[in-house]
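Here are the chains, one letter per residue:
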Amino acid sequence: MTRTLALSCAVFVSCVALLSSVPRSASAARPGAIRGRVDLKRVAPQIERRPGVADLGTPAGRDLPDLLRSVVYLESAPRGAFETSEGGHAVMDQRNETFVPHVLAITTGTTVDFPNSDKFYHNVFSLSKTKPFDLGRYAAGNSRPIRFDRAGIVRVFCDIHSHMNAYILVFNHPFFAMTDAEGRYRIENVPPGTYGVIAWNEGTSSETRPATVPDGGVAELDFTLR
Amino acid sequence: MRARFARLTLLFVIGAARLAPAQTLPSEPIALASGHVTVSGDVSASFGSADPGFFNYTDYEHSTLRLLRLDLTAAVKAGPHFTLLGEIRSENLGVVRPYALYLRIRPWTTRDFDIQVGRVPPTFGAFARRTYANDNPLIGYPLAYQYLTTLRPDAVPASADELLLKRGSGWFVRYSLGDAAFDQGVPLVSAFRWDTGVQAHATVGMLSATAAVTAGTVSNPLFSDDNHGRQLAGRVELRPIAGVILGTSLARGPFVSQAAARAAVGDGHDAEFTQTAWGTDAEYSRDHYLLRLETIVSQWRLPMAVPPPDQLALQTPLTAVSTSLEGRYKVRPDWYVAARYDHLGFSDLTGAAETLPWDAPVTRFEVGAGYSIQRNLLLKGSFQHNNRDGGRLLQVAHLVSAQLVYWF
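If you read the protein sequences in the order shown, they are chains A and B. Note that our numbering has the first sequence beginning at 1, numbered continuously upward. Note that our numbering has the second sequence beginning at 1001, numbered continuously upward.
Errors might be hidden in some of the hints.
Some residues of chain A that are not near chain B, with every Cβ distance over 10 Å (derived) [stated by the list, open to error]: (1) Arg150; (2) Glu182; (3) Arg186; (4) Pro214; (5) Leu225.
In silico BS3-like cross-links for lysine-lysine, where the CA-CA straight-line distance does not exceed 30 Å [claimed, not checked]: (6) A/Lys41 to B/Lys1077; (7) A/Lys131 to A/Lys119; (8) A/Lys129 to B/Lys1077.
Think of the hints as simulated: they come from the structure by calculation, not from any bench. Heads up, the beta-carbon is just placed ideally off N, CA and C, and yes, glycines get one too.
Start from the sequences, fold in the hints, and give me the full structure.
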C-alpha cells in the first residue's frame, strides 16, 4: 500500500517536478527510447473467489487475470509533455468474470469503455480517490464509458463478483509502456535527457532508477520486482 | 454482558477505522496451498436501541440490532470433484459453532450438477443464503427469517386457548405439553441454523433446481433428527434474462419432536405433525437499483390433545403468511439507501372466549443507508418501525441501529 501511495504521488508530482530537470535542448533534439525488461521474482497471487459456502452448487469457471504485465513509466516528464492531452479511447472488457486487460495504462483525458461480455450482470465500480465511479448493473452486449481526468491509480472491482479486480494507471504524460508477455517494454519518443524511471506490477513499484536517453538513441534499463 | 459487548463493538469500530486507511487488514480471501485452501471472514458489529418488544430477537438473548457476529469460512478443494466447505460462527463472543460443514461432490466436471452432504445451505427461499451482513442492505432481517412465532417443536399447547394466551411472546414461551421449560419459538424459516442432510443441485441453461433431504424443517433445522421423519425440500429458480431471478420453493417435514408428540397424543404419531412451507421470490436489478420480493406461506400441524374442560381443542393447520419487499438504490459509488417492508400474518384460531389470529400479526418498515469506507468496510445505519397487533408486550417500537461490516 505504501508503494501504491508512492506511485500515486509520483504520478502527480510528475506534472511539475521534472520540468526543472528537463534538458533545455530537448525540443530541438531527436527523440529516443528507453527499453528493457521487468523480471518478476515472484508473481503476485491471484485473488481467489470467496468460499461460496451458501452456494447451492459449484460456481461457474472463470478466466484468470494476466498478472505478469507490468507498467514502466517516467517519474517525471519532459517539458511540453502535458500539452498533448488528447482524449483517446481504451477498453476494459468483462469476460468470464475477469477484467481484460487486468492492467490498463492510459493518459488523462482517456475514456475507458467497460463492455460486459458475460451472460450475467457485472457492476464495475471504484472507490479510488483518483476516480470514484459506479457503472451500475448492465447486461451482456452493453458497454458504459468513464473518462479519467486525473492522474493516479484506479483500482477497479465488480460489486457482484468480489474476486474481479483490475488496475487503471492514469498518467498525465505519454511516457509509459506496458510490458509484453516476456516482460519486455519500450517507451518511445522520449526527448534526450536523464530521467527517473519506475517499474510497477500489481501494487508494487520499484525504486526510481536513472536512465539517460541519448540524442536519437536508446537507453537500456532492466528492473527486478519482488 | 451488554456493557462488555458495547465496549467490544466500540473497540472494533475504532480499530477498523484506524486500520482502514492503512489497509493492514486483509482485503481478499486468504489462499493457502496454491489456492487449494481459501479462507474468508465476515465480521459485523451492530449496536442499536433496546428492543423491549423483542421484535428483533433471534432467541432470548440475541437481538439482530445488538449483535457482534464473527464468521470464518473455508473451502478445501481436493481435486476437480470434491470440495469441503465449512463455516464457524460466534455471536456476541459466545460459543463458536459449526454453522456449515459439508462435502460438495461434482460427479462430472462438464455438467452443472452437484451433490452436497453434511450441514448444507438452505434449499428453501431466497434470503436464507444471503444472511451475511454485506449481502443484507439493512441491519434487520426479514420477519419470516427472524421473528419468533409462539410455536415450538419440543413443546405444544394443550388447547387453542393456551396458544392464544401466548400471542406475541415467541421470544420466551412455554407450554403444558412436552418440554416444560421456557424457550424461544421458531421463525417461519430459520436464518440462523442450517439443516443436515443431502442436497442435489443442477443447472440447465436459465433453469436451476435443487432438492434436499434433511433432518429438521425450515423453521427448525437440526443436526440430528428428533422425530421419525425427514424433510423434503425443493427449489426451482429461473433466470430468464440478466437481472431477473424468479424462484419457488417447497418444503415439508415432521416438525414436532417425538417427546412433545408423545406427551400430547401418545407414541407413533410424531411423523404426522408436519411443517409445510411454500415460498416464491423474485429479484430484479438494473443500473443502480435492486428490488426483491418474497412471500412465504407456512402451515404447521400440531398434535390435538384433549383440552381442559373449559377450553377448545387446537384446530390445525396453523398458517402463517409473510410478505417482504426490499429495495436498494446506489446514490453514489460509496453510498446507498435501502428500505424493506415486511408483514407477517397468522390464520384465525377459535378459543373458548374469542377468535383471533393464533399469533399477533407483525408489520415492520425499515429504512437505512450504507457508506463504504473502503471496498470491504461498510457502515450502515437504519431506522425501524415495528407494529404488533396483539400480545401483552410493547406493540409499537421505533428502533435505530448502526452496523459496521468488515469482510475479506
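Comparing the hints with the structure gives:
1. Arg150: 15 Å, holds
2. Glu182: 24 Å, holds
3. Arg186: 33 Å, holds
4. Pro214: Nearest chain B Cβ is 42 Å from A/Pro214, so the label holds.
5. Leu225: 20 Å, holds
6. A/Lys41 to B/Lys1077: With Cα atoms ~27 Å apart, A/Lys41 and B/Lys1077 stay inside 30 Å; holds.
7. A/Lys131 to A/Lys119: 27 Å, holds
8. A/Lys129 to B/Lys1077: 37 Å, violated
Hint compliance for this structure: hint 8 alone is broken.
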